[in-house]
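Engineer: Each chain is listed here by its residues.
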Amino acid sequence: MNPLWSNIFRRREEDSLSWFLKTVPVFAELKGRELAVVESLVHSRRYKEGEIVFEEGDPGSGMYVIRSGGVRIFIREKNGRESELAVLGPGDFFGETTLTAPALRTASVRVQENSELIGLFRADLLETVRKHPMVASKVLMGVTRIVSERLQAAGQEIRRLKAALETAVREN
Amino acid sequence: MANSGQSNNFNRVQMLLLFLALTAAIATGLAIFSSVSKMFVLIQEATAGLFLPLLLSLVATFLLNPIIDVIEREKIGRSTCIFIIYSLLALVFIAVFSWLLPHGQGMWQSLQEDLPRYTARLIELSKSVQGYLHEHLPFLDNYNLSARVRTMAELLVADILVATPKSALRIGSIFLLLPLFTFFFLRDGEQILRRCIALAPNRHFEMVHDLVSLIGRQTAHFIRGRIIEAFIVGVVVAIGLSFTDIRYTLLLGVFAGVTNLVPYIGPIIGMIPGLLIALVDLGLGPQFWWILIVYFPIAQVIVDNFILIPILISRVSNLHPLLVIVAIVMGGKLYGVLGMIIAVPVVSAIKIAIIEIHHYRRTFTLPDVIEPDRPA
Numbered sequence: 023m024n025p026l027w028s029n030i031f032r033r034r035e036e037d038s039l040s041w042f043l044k045t046v047p048v049f050a051e052l053k054g055r056e057l058a059v060v061e062s063l064v065h066s067r068r069y070k071e072g073e074i075v076f077e078e079g080d081p082g083s084g085m086y087v088i089r090s091g092g093v094r095i096f097i098r099e100k101n102g103r104e105s106e107l108a109v110l111g112p113g114d115f116f117g118e119t120t121l122t123a124p125a126l127r128t129a130s131v132r133v134q135e136n137s138e139l140i141g142l143f144r145a146d147l148l149e150t151v152r153k154h155p156m157v158a159s160k161v162l163m164g165v166t167r168i169v170s171e172r173l174q175a176a177g178q179e180i181r182r183l184k185a186a187l188e189t190a191v192r193e194n
Numbered sequence: 019m020a021n022s023g024q025s026n027n028f029n030r031v032q033m034l035l036l037f038l039a040l041t042a043a044i045a046t047g048l049a050i051f052s053s054v055s056k057m058f059v060l061i062q063e064a065t066a067g068l069f070l071p072l073l074l075s076l077v078a079t080f081l082l083n084p085i086i087d088v089i090e091r092e093k094i095g096r097s098t099c100i101f102i103i104y105s106l107l108a109l110v111f112i113a114v115f116s117w118l119l120p121h122g123q124g125m126w127q128s129l130q131e132d133l134p135r136y137t138a139r140l141i142e143l144s145k146s147v148q149g150y151l152h153e154h155l156p157f158l159d160n161y162n163l164s165a166r167v168r169t170m171a172e173l174l175v176a177d178i179l180v181a182t183p184k185s186a187l188r189i190g191s192i193f194l195l196l197p198l199f200t201f202f203f204l205r206d207g208e209q210i211l212r213r214c215i216a217l218a219p220n221r222h223f224e225m226v227h228d229l230v231s232l233i234g235r236q237t238a239h240f241i242r243g244r245i246i247e248a249f250i251v252g253v254v255v256a257i258g259l260s261f262t263d264i265r266y267t268l269l270l271g272v273f274a275g276v277t278n279l280v281p282y283i284g285p286i287i288g289m290i291p292g293l294l295i296a297l298v299d300l301g302l303g304p305q306f307w308w309i310l311i312v313y314f315p316i317a318q319v320i321v322d323n324f325i326l327i328p329i330l331i332s333r334v335s336n337l338h339p340l341l342v343i344v345a346i347v348m349g350g351k352l353y354g355v356l357g358m359i360i361a362v363p364v365v366s367a368i369k370i371a372i373i374e375i376h377h378y379r380r381t382f383t384l385p386d387v388i389e390p391d392r393p394a
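Going down the list, the sequences are from chains A and B. All residue numbers for the first sequence refer to this note's numbering, where the first residue is 23 and numbers rise by one. All residue numbers for the second sequence refer to this note's numbering, where the first residue is 19 and numbers rise by one.
Just so you know, these hints were derived from the structure itself, not from any lab. Beta carbons: idealized from backbone N, C-alpha and C, even for Gly.
In silico DSSO-like links for lysine-lysine, alpha-carbon gap of 30 Å or less:
1) A:K153 <-> A:K53
2) A:K160 <-> B:K93
3) B:K93 <-> A:K44
4) B:K56 <-> B:K351
5) A:K184 <-> A:K100
6) A:K53 <-> B:K93
Label pairs and their computed distance ranges (CB to CB):
7) A:K44 <-> B:V59: 52 to 58 Å
8) B:H121 <-> A:T166: 57 to 63 Å
9) A:E99 <-> B:V59: 56 to 62 Å
10) B:I373 <-> A:K44: 37 to 43 Å
11) B:A218 <-> A:P124: 18 to 24 Å
12) B:S260 <-> A:E51: 56 to 62 Å
Given the sequences, and given the hints that come with them, work out the whole structure.
Structural biologist: Okay, here's the thing in structure tokens:
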């Protein structure tokens, strides 16, 4: 085979970072060139099995997307036991609530196997607002959409729980 | 006895060994020390000429970065943006130099003639001051003020006359390195910074990333503000002086602008040559008072303190006067006049970094949301 051809096609498009980013809901609205901007924006970090990504109470400044591997989200109880909240796999993301507003992390995250996480942080996003306002607004739209979807789901859940509580109180 | 002799012998061997070991240790220590200090000397020598161009190109990067960001928004490549800016700057420089070369020659020659005149006047002044002092404070009899002023003035004049052509040569090398460094800082600065941040361990990466960007933004803002402030003060002084018959208006404006980078002391030093020239050439007339007014109430109080500083410089970077003086003295010890000028901005940048770190930690410890009373 011609080495030139093999060189050109060596990296399949599906393996590229921008291809992966396109599959993440936050970046779903971005197109080729804009994805390249995001690609230069995010930080790719490799974690070993059992490594802590962040702890509850850490200052949070951005979100992580799991490119490969998986993480476990948990909170530490007063007696030191860890109670698991969720297990996430490739394509999932977490920490998106601290992307726009500085806040403390409300849970801890530990990597379950050797993983690659893609980090997107507030400082970079602020910089992008200045340089590529179009890209920044699309990313922010994506984040807002997801946060509001979750907020609505949480609201419904609260209503459901309230109703359940009321019926439980009435029955007693 | 034999026993003790043996122990004595043993002791002697031991002593010898100890002596040898100590000698070896001292020799090794000396060797390490000398090689380390030699290394430091080598590093120092190797980087000696780099300090100034690097610093200046960092400042230039801070100044040009926002402009390039604006152009880049029009979907033009970053390198192209830098080339556009560079060509514009080159045009400006060519224009300035084509104006300056004929004028500058004349100015330089007249300055060479005038400087001794000004210093002579300064010595005369100091003599009259000394006469006054002798009259009122006779115990200062053996303090020769005018001689002291004379040696200082002569040193200064010699310095200016000899060192200016010499430093012109050094400026030549800066002219070569400055655009190069600035180009790469502008083009790849962000990538370089990202690579450096990426070295941080996973656990601290987020915090390092956040702090670096915060500190970077504040420092850039501060440096930019300082330079623009100095430029405007220089322009105001130059324009104000151009209403009078004083010569070297442009030079005096530049001097006032540069010295304005040093707080408290800078402005005072900045107005001395202007006032001296005015006193010698124009006498103590209304023009002298106008020049004094331009220097102090107009340029310093109104323009700088009431308009520029509140707009351009955040209060965060305010330094205590004591710290300013210490910084200037230390900067002067290290890098001479240049060190005096850059010491205060450098210390301010360090202060900004410390305050940002402190602020960062405080922001995140205020809201007490981590420990709500969770049912155990």
